[in-house]
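Residue numbers (this note's numbering), protein chains in the order written: chain W, 6 to 371; chain S, 4 to 398.
Among the hints, a few may not be true.
Said to hold, decoys possible - No farther apart than 35 angstroms at their CA atoms in a straight line, the calculated lysine-lysine pairs in the DSBU-like style are these: (1) W:52 x S:113; (2) W:333 x W:235; (3) S:51 x S:113; (4) W:222 x W:115; (5) S:214 x W:235; (6) W:222 x S:302; (7) S:51 x W:333; (8) W:306 x W:52; (9) W:306 x S:113; (10) S:51 x S:366; (11) W:235 x W:54; (12) W:235 x W:306; (13) S:366 x S:214; (14) W:54 x W:333; (15) W:222 x W:235; (16) S:302 x S:366; (17) W:333 x W:52; (18) S:51 x W:235.
Honestly, the hints are just simulated from the structure, not real lab data.
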Amino acid sequence: MLSLCILSAASLWAAPAEDTFALRATQVHIGDGTVLLDAFVVVEGDKIKSVGQSAPGDVRIVDVDGQIAPGFIALGETTGASGENRESARKSTPLADLSHAFDPHHPGWKPLVAQGVTTVLMTADSSRIAGGLATLVSPARGEVVQRGVALTLGLSSRSLSLTEEPTSYAGLYDHVTSAFEGAADGSPLARARAGELPVMIEALTRMEVLRAAGFAKEMGLSGAIVGAPKADETLDVLRDAGLGVVFEPLRPGGSDDVVDSAMALAEAGVPFAFASDAASAGPAAIRMTLGACTRGGLDAKTALKAVTGSAAEIAGVGDTHGTIAGGKAADLVVWSGDPADLTSRVRAVYAAGELVHEAEERGAGR
Amino acid sequence: MMLNLLALTAAAFAAPEGETSWTVHADRLYTSTGVVHENALVVVEDGKITAISPGVEATRDALTAPVITAGMVDASARLNVGTRSVEQSSEVTPTIDARYGVDLFDPRWKRLAASGITTAFITPLNENCIGGLGAAFKTAGPASIDGRMLESAPMLCGAIGSQPSRRNSPAFGQPRNFFNRRPTTRMGVEWEWRRSFFEAAQAEEPDVQQKILLDALAGTTGVFVQAYATQDIRTAVFLEEEMEREGFGQMRIVIDAGAEAWREPDMLVRTDTAVILPPLPSQGRTTDQALMPLDCAKKLSDAGITVALSAHPGSSASPRLDVQAGYAMRGGLTREQALLAVTFTPAQILGIDERVGSVEVGKDADLVLWNGEPFEATTRPIGVLVGGRLELDPR
């Protein structure tokens, strides 16, 4: 317990650990659906140097008791940002910067890290038509990792209200179409049209998905639909528009609808991830989602990929996050077993190469 | 003939489940073109009618029914997504497009199709003076707007009467900071209509909204006005005549839900205005307390007015369109007249009669198979084809 306090306190001001070390595990989940057996993950500073069957002779080797996986990426997280991610002065605020809604010391972060989350994408509230620029943060280190990684668009009924324009879907699309068509060069909307900035579009019915995907295609947007119920029925338009899907978090006892959709998407090669929404679903939302996925029949590796590699790709940070590969952020979690197995426990969490969480040994025989 | 039939049979056998090619046989085929065939075989290929052969027996593989008619067209189906189909931030919103006001996954589409309605015209919810552009959709088919919408001349839709003026507030919900300026009286509604057209006609640089109004003044865009009561039908007709007098153009108005059109048919004859009747009210009066008698369609028809029936939900005894046609027959229309009023006439009013509304070679394979003479109390659709897709299976 004492060590935990020191760790979290240290993380507030300490620079990343500068030494080089290697973690050795019987299984290393890369995060792209593959697993390496008896492998080393070499960490240099805040980055992964290499992953493979060997490590340089001169580095310190840490034998971990368990399996290594990339840290989970929590999409659409609002912890500590209640109300602060919703700028209601205007219907569209594409320049609103979500890094200013980030509370680095919020008590909600620590439980999230303890569940294996190393990276969080903070997004604007979806009741805004263009809510702002999503920010990637490290909850363990209390740091903004990257600002302006994606643009949040709300093209669902949540963007329609009785108190301001628009009140209708047609009005919503009038609004968003003219906003995109009139966007100044270099503005977020123009960059999204140029394919430089991914979008995360909320759409909460099949019809909303149909429209949003059509709009994204027309405007040349890339990114993902957030929500997308029964996405297997809108698969063709999603694939046609080149969009991924971010599902709501699942509960193990919930319906298998979303899992069926996810399986159809996996088969069709449409990338998908899951939101975490810890504020309402609890800090273990991503773990529970993995459990629900595997219970529903989704392959455990595919499920893990959804919350690591695919989540990073969808958030537009696939180059630096999401998988265990040389050059990427050293965000690693040591699990007592398979990360998609709900009986597994988090043993240790590394964020940017730094040990930020270590579980206390519990009970006899553990 | 024999060769033809063989070819048909082959086509039907080749068609797997979910396909759009069939042969269909009826003891009696009402074509909605003034012709009735006995023992007719209709060939459907790739969703279109490719041959009609009267006086032949059914092929072994054909779908059969005692009677077949064209799929019904409901010119006022009102199957929009409700409050979210109308833009309340203004009372005149010509650019609001009904294609954004529908949900193709709404289960009501299936019910419409199974009831024999194969084409439905949808408007934004009638809570604005000028609500926006309507659109005609097939009631079944691919889950895409383009795949379901019928190309037609645009139709600008709105309402005259108490509905757009009921409340000085948003039409639904409690206002908090909404900028309210809705009319509160029929006088205000009439003013909004006239003001909009006058301003459009006199604008030096018309904006995108006014351009649509100018198209309506030019007659290239129709104007679809919900007007139940006589005073509201008058307002619509007088508006058209005033615009013509002013030299602004010749509008092409269609009266939707014209329950009291029978009271003063002369002005409709004078302006050659078509009327779509609402479903017969269960208590004699419709919305806006308009009196609609059973022989409403008969009176309009006798006066030479183009009349179509509709079955949008409301206070009607039955929202089914075939039942409405039955009521119209009870009021004096012949079966042929009633059939036209739910097939070809609404298609013609909407400008989609090139594709739908009658059983003719080259048209969409929208067919209703009935278990007896249509519109009788004991008759119901036993099979429905929409664009060749079997939405209700008679087998």
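We went through each hint and held it up to the structure:
| no. | hint | result |
| --- | --- | --- |
| 1 | W:52 x S:113 | violated (56 angstroms) |
| 2 | W:333 x W:235 | holds (34 angstroms) |
| 3 | S:51 x S:113 | holds (21 angstroms) |
| 4 | W:222 x W:115 | violated (39 angstroms) |
| 5 | S:214 x W:235 | violated (40 angstroms) |
| 6 | W:222 x S:302 | violated (51 angstroms) |
| 7 | S:51 x W:333 | violated (57 angstroms) |
| 8 | W:306 x W:52 | holds (23 angstroms) |
| 9 | W:306 x S:113 | violated (39 angstroms) |
| 10 | S:51 x S:366 | holds (6 angstroms) |
| 11 | W:235 x W:54 | violated (40 angstroms) |
| 12 | W:235 x W:306 | holds (22 angstroms) |
| 13 | S:366 x S:214 | holds (33 angstroms) |
| 14 | W:54 x W:333 | holds (8 angstroms) |
| 15 | W:222 x W:235 | holds (20 angstroms) |
| 16 | S:302 x S:366 | holds (31 angstroms) |
| 17 | W:333 x W:52 | holds (6 angstroms) |
| 18 | S:51 x W:235 | holds (31 angstroms) |
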